[in-house]
Amino acid sequence: MIRSVDQYEFNRRGFLRVSFAAASGLLVSLYLDPHSAYVVQAQEGTAPAAPASYPPDAFVNIRPDGKIVIQVNRLEFGQGVQTALPMLLADEMDADWTNVIATLAPAADVYKDPLFGIQMVGGSGSIAHSFLQYRELGAKTRAMLIATAADRWGTTADQCRTEASVVHGPDGRSATYAELATDAARKPVPSNVRLKDPKEFRLVGKRVKRLDSRSKCDGSLKFGLDLDLPGMKVAVVAHPPVFGGRVKSFVDDEARRIEGVRDVFEIPLARGTGVAIVADKFWPAKQARSRLKIQWDVIGVEAADSAELWTRYRELSHTPGNVPVNQGDVKALDRIAASDRIVAEYAFPFLAHSPMEPLNTTVRFDGDRAEVWAGSQFQTVDQMAVAEVLGLKPQQVTFHTEMAGGGFGRRAVADSHIQREAATIAKRLRGTPVKLVWTREDDVQGGYYRPMHLHRVEVGVGSDGLPVAWRHVIVGQSITADTPFAGFTTKNGVDSTATEGVADTHYNIPNLHLTVHHPKVNVPVLWWRSVGHTHTAFVMETLIDELATRARVDPIAYRRKVLKPEAKELLSTLDLLEKASAGWRNALPKGHAVGISCHECFGTGVACAVDVSIENKRPRIHRATLAVNCGLAVNPLTVESQFQAGVTFGLSQLMAKGAITLKNGVVEQRNFDGYVPPYIVDAPVAVDVHIVPSGEAPSGCGEPPVPVISPAVVNALARLTGKRYRTLPLVSI
Amino acid sequence: MRRIRVDLFLLAAFLVVLSCVLAARFAEASNPPTTAQGLAAWQQVYSVLTNPRCINCHTATDYPQQGDDRRRHVANVVRGAEGKGVPGLNCAGCHQETNADSTGVPGGHNWHLAPLSMRWQDINDRALSSGDVCRALTDRSKNNNLDGPGLLKHHEEEPLVKWAWNPGRRPDGTTRTLPPLTHEEFVAATRRWVEAGTPCPK
Amino acid sequence: MATYQLTVNGKRREVTVDPSTPLLWVLREDLKMTGTKFGCGISACGACTVHVGGVATRSCIVPISHIGDRPIVTIEGISQDAVGRAVQDAWVEKDVVQCGYCQSGQIMSAVALLKDTPKPTDKNIEESMGGNLCRCGTYPRIREAIKTASAQITKGGA
Chain A
6 MIRSVDQYEF
16 NRRGFLRVSF
26 AAASGLLVSL
36 YLDPHSAYVV
46 QAQEGTAPAA
56 PASYPPDAFV
66 NIRPDGKIVI
76 QVNRLEFGQG
86 VQTALPMLLA
96 DEMDADWTNV
106 IATLAPAADV
116 YKDPLFGIQM
126 VGGSGSIAHS
136 FLQYRELGAK
146 TRAMLIATAA
156 DRWGTTADQC
166 RTEASVVHGP
176 DGRSATYAEL
186 ATDAARKPVP
196 SNVRLKDPKE
206 FRLVGKRVKR
216 LDSRSKCDGS
226 LKFGLDLDLP
236 GMKVAVVAHP
246 PVFGGRVKSF
256 VDDEARRIEG
266 VRDVFEIPLA
276 RGTGVAIVAD
286 KFWPAKQARS
296 RLKIQWDVIG
306 VEAADSAELW
316 TRYRELSHTP
326 GNVPVNQGDV
336 KALDRIAASD
346 RIVAEYAFPF
356 LAHSPMEPLN
366 TTVRFDGDRA
376 EVWAGSQFQT
386 VDQMAVAEVL
396 GLKPQQVTFH
406 TEMAGGGFGR
416 RAVADSHIQR
426 EAATIAKRLR
436 GTPVKLVWTR
446 EDDVQGGYYR
456 PMHLHRVEVG
466 VGSDGLPVAW
476 RHVIVGQSIT
486 ADTPFAGFTT
496 KNGVDSTATE
506 GVADTHYNIP
516 NLHLTVHHPK
526 VNVPVLWWRS
536 VGHTHTAFVM
546 ETLIDELATR
556 ARVDPIAYRR
566 KVLKPEAKEL
576 LSTLDLLEKA
586 SAGWRNALPK
596 GHAVGISCHE
606 CFGTGVACAV
616 DVSIENKRPR
626 IHRATLAVNC
636 GLAVNPLTVE
646 SQFQAGVTFG
656 LSQLMAKGAI
666 TLKNGVVEQR
676 NFDGYVPPYI
686 VDAPVAVDVH
696 IVPSGEAPSG
706 CGEPPVPVIS
716 PAVVNALARL
726 TGKRYRTLPL
736 VSI
Chain B
2 MRRIRVDLFL
12 LAAFLVVLSC
22 VLAARFAEAS
32 NPPTTAQGLA
42 AWQQVYSVLT
52 NPRCINCHTA
62 TDYPQQGDDR
72 RRHVANVVRG
82 AEGKGVPGLN
92 CAGCHQETNA
102 DSTGVPGGHN
112 WHLAPLSMRW
122 QDINDRALSS
132 GDVCRALTDR
142 SKNNNLDGPG
152 LLKHHEEEPL
162 VKWAWNPGRR
172 PDGTTRTLPP
182 LTHEEFVAAT
192 RRWVEAGTPC
202 PK
Chain C
97 MATYQLTVNG
107 KRREVTVDPS
117 TPLLWVLRED
127 LKMTGTKFGC
137 GISACGACTV
147 HVGGVATRSC
157 IVPISHIGDR
167 PIVTIEGISQ
177 DAVGRAVQDA
187 WVEKDVVQCG
197 YCQSGQIMSA
207 VALLKDTPKP
217 TDKNIEESMG
227 GNLCRCGTYP
237 RIREAIKTAS
247 AQITKGGA
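Protein chains in written order, with this note's numbering: chain A, 6 to 738; chain B, 2 to 203; chain C, 97 to 254.
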């Protein structure tokens with residue numbers, strides 16, 4: 006998702022320095038100006054939008070019964086942040102972990118991401134950005150508890166120690182955190198605290214089980230869709246069949262005859278208009294929608310068509326575009342004989358995120374205030390949008406963060422279209438809470454896809470078998486165009502979310518030339534878990550593998566040769582991968598092949614080896630071994646889970662029916678029958694994850710699993726069939 | 002005088018017609034359809050057996066098909082040892098005793114896959130030839146030991162067979178496509194084929 | 097509208113609803129039991145899996161009018177069953193869940209499998225769990241957890 010700007014070049018070490026600055030009031034941050042809705046980069050030393058100090062009591066509540074409630078400043082949508090962030094705080098606080106309860110914080114300034122200045126989850130940044138923040142909060146809370154105990158006992162802080170929610174003083178005295186909490190809250194918050202040396206960690210770095218497991222296994226945990234409020238109504242919306250279409254007229258007599266239907270009315274949408282149905286319950290609303298007869302006006306609305314787009318993209322790829330990378334000699338390729346060149350065209354379709362929980366938002370509008378319940382990745386942005394629709398200030402909108410059934414980027418939308426739809430309906434039903442539900446059909450057909458991309462690459466191979474010249478063209482919609490984020494990602498007409506993984510490749514390519522085209526297409530697009538890396542890593546890792554085959558060099562060894570020596574992170578993962586997978590890689594049964602890939606994104610390096618055979622004309626992945634360099638693994642169990650499972654999300658790209666296509670403006674897929682994500686048979690049977698030991702500050706694990714898997718599998722297939730697979734999804738092998 | 006002659010004429014005409022009909026029936030009973038007629042009847046039967054409402058469950062694979070386009074059934078459901086699915090994904094778990102028109106799921110008593118011995122497609126989901134289906138249907142080691150009359154009874158009375166003519170609505174509300182003959186025509190064609198001695202084309 | 101007498105997790109419940117209403121929505125909105133989830137509405141994902149008359153059933157496509165007097169068991173009641181408890185415990189022990197939205201259905205399907213086949217092979221697991229979607233991709237841990245539950249329920253010669 007959002008990446009650091011070139012100017013600040015945030016590597017992990019750099020971030021550590023900046024964060025310490027944050028504790029003393031200097032914060033380099035980005036913030037959204039609510040009035041003019043553009044992103045502004047604050048210079049170091051000027052007033053930050055996010056508070057420089059974080060009052061611990063907004064994050065930690067020690068209850069009289071000893072339970073410690075920790076507010077998590079991010080949406081939990083599977084990634085495990087509601088366990089890992091509390092771990093950081095609880096460890097520094099020396100809290101009794103068995104009494105820790107995590108909750109998802111509502112929208113508020115104090116919960117904004119310290120680096121990005123808005124409350125959000127994305128860019129695999131939760132742990133990376135809040136690592137020091139949550140540790141400081143825990144340490145400060147501990148300091149205040151000790152200060153309270155020391156006062157009571159007439160002793161000093163250095164005479165006290167803490168363990169498992171108890172302060173121990175001299176002469177065998179002790180007091181529980183619960184006993185001290187009320188007085189501790191009155192203590193001043195210290196501006197400086199000592200953080201633990203990693204040797205002192207009791208929780209951090211250990212495999213700690215998730216806090217939300219049991220309630221997700223017994224049906225008791227409520228997701229946004231499960232919300233039930235007194236007097237609540239349910240709404241569904243009939244959306245235009247073509248993005249931007251408008252309601253010309255509609256006949257709703259049959260729809261209104263369904264028992265339980267309360268109202269039917271036209272509403273504006275982010276693009277075009279639609280018809281909202283409000284009912285007592287979901288089923289009557291859905292029934293009513295299928296009985297609506299709507300005439301749509303699509304005059305002047307571009308009818309995007311996949312076949313036509315491929316033609317247009319292909320034509321564009323042969324024309325001059327914006328050039329973000331021009332290293333070395335652009336003409337170097339022309340001096341290389343045709344027989345020493347690889348020319349490849351890659352095609353990537355639109356992809357839907359399709360989180361398991363259908364999108365939904367509940368809003369109640371009371372005139373001078375409103376309340377929202379949403380599993381949102383973008384609380385600040387969505388809160389502002391709801392306020393705007395309702396004519397309120399953001400502070401008048403109480404925004405609850407609900408547990409979410411998956412997200413993958415789908416819940417981080419600059420135009421807050423779902424929340425706007427819900428608020429528009431709630432405005433009409435003043436005083437009544439309305440739950441807007443998008444059905445799976447709404448989701449599959451509703452847009453905000455990973456954009457379609459065409460890559461055209463020409464590689465010139467040197468006499469040593471290494472790439473000497475590389476001319477690369479990328480054609481695809483800009484994700485951030487026409488959003489406040491464009492100012493952050495786009496320079497000289499190039500959106501970095503389309504080029505990440507190529508523009509900043511760690512491969513040593515002396516003459517690298519990259520051209521980019523961002524066509525305007527009437528299909529809303531969005532970041533799909535790992536964003537640009539979803540397609541760039543596929544291109545890079547399949548081409549590098551092809552070069553390795555041409556050079557008759559082992560694919561791991563070849564990558565070592567081509568990677569820049571500075572790419573220490575990736576190199577460390579290749580080393581670990583080689584060791585960890587040696588056992589099975591060298592003992593493959595007949596009909597199996599190994600596929601290798603490596604890629605770094607969001608600060609984390611990953612190397613992957615897969616054992617693949619072909620069964621029932623599909624790739625059968627018997628095993629995947631992953632080596633990961635993510636700095637300090639705050640919770641190695643979370644890291645393992647993220648990688649074990651995240652690779653399957655990545656395999657969405659290979660599914661035979663894993664593409665969204667449009668014909669004459671209409672999305673051709675409707676539901677999971679036409680757009681089919683990976684089931685258990687499509688996933689690796691077993692995945693083992695190995696973490697490079699590291700004391701560096703943690704980097705993200707949410708997105709890094711995704712880019713490596715598809716090229717690794719396809720590299721294995723290439724060894725089995727001799728074919729090159731450059732068009733996704735894999736319809737046939 | 003004239004009236005009496007008209008009445009007599011009508012009576013005579015009626016008797017002629019009646020005797021013709023009876024003669025024809027008698028002729029039928031005592032003169033079964035020719036092989037050629039039986040083969041023609043078989044073609045009609047074959048056209049029904051290979052229409053999607055029937056052939057979708059007479060697969061050669063471990064999965065059923067659905068839809069007029071005969072795509073693989075959603076949710077990776079598989080045949081299981083007895084053609085009734087597997088624990089967790091039994092056919093009858095979703096396919097109830099009758100059609101569920103509000104959700105678009107067909108239903109009938111004892112919903113299950115025909116055994117592999119009664120497959121009417123190859124493993125590439127292509128319908129077998131008329132001759133191959135005919136031979137499979139008449140092979141008593143494969144067809145649950147049914148003779149001609151047994152086959153006729155199966156076509157006439159088996160609930161899952163009759164379901165094809167009451168296949169319910171799709172999720173979009175439209176009625177599923179019916180087989181190319183009515184059930185009565187299908188039974189009649191089966192009868193002619195059976196009476197012809199169940200001949201099979203090459 | 098029609099009135100139906102249901103047995104849900106051993107308790108008698110009565111609802112008055114449109115007969116076409118899928119069991120899923122009766123459970124979620126009329127009985128306020130939201131543990132059974134809506135994922136797709138076309139039986140493709142399994143998030144809505146419950147047991148009806150002891151058979152794993154995708155409740156999003158079975159209208160309430162088709163239930164009759166068959167007892168219904170949902171995720172909220174599966175812990176009353178020894179196999180259900182073993183599966184839930186294994187799921188927690190193996191840290192299976194991520195977002196968790198699909199897991200009610202996964203657990204109900206796994207319980208159906210283990211009740212029929214207490215010692216499932218990898219193939220059994222893949223076939224019986226083959227229609228339950230998990231977008232997060234927790235499949236490898238689901239496999240492990242089923243084996244853990246299997247060991248639990250079959251130990252002591254059960």
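Warning: the hint list may mix true and false statements.
In silico contact screen, one side only, chain B against chain C (beta carbon under 7 angstroms); selected entries [to be verified]:
#1 79
#2 82
#3 84
#4 87
#5 91
#6 95
#7 97
#8 101
Because the hints were derived from the structure by calculation, they are not lab data. Treat the numbers as computed from the prediction; the structure is a model and nothing was measured. Ideal Cβ placement from N, Cα and C applies to all residues, glycine included.
#### Entry: Earlier hints that do not hold, by number
Hints 2, 3 are the ones this structure does not satisfy, whereas the remaining hints hold.
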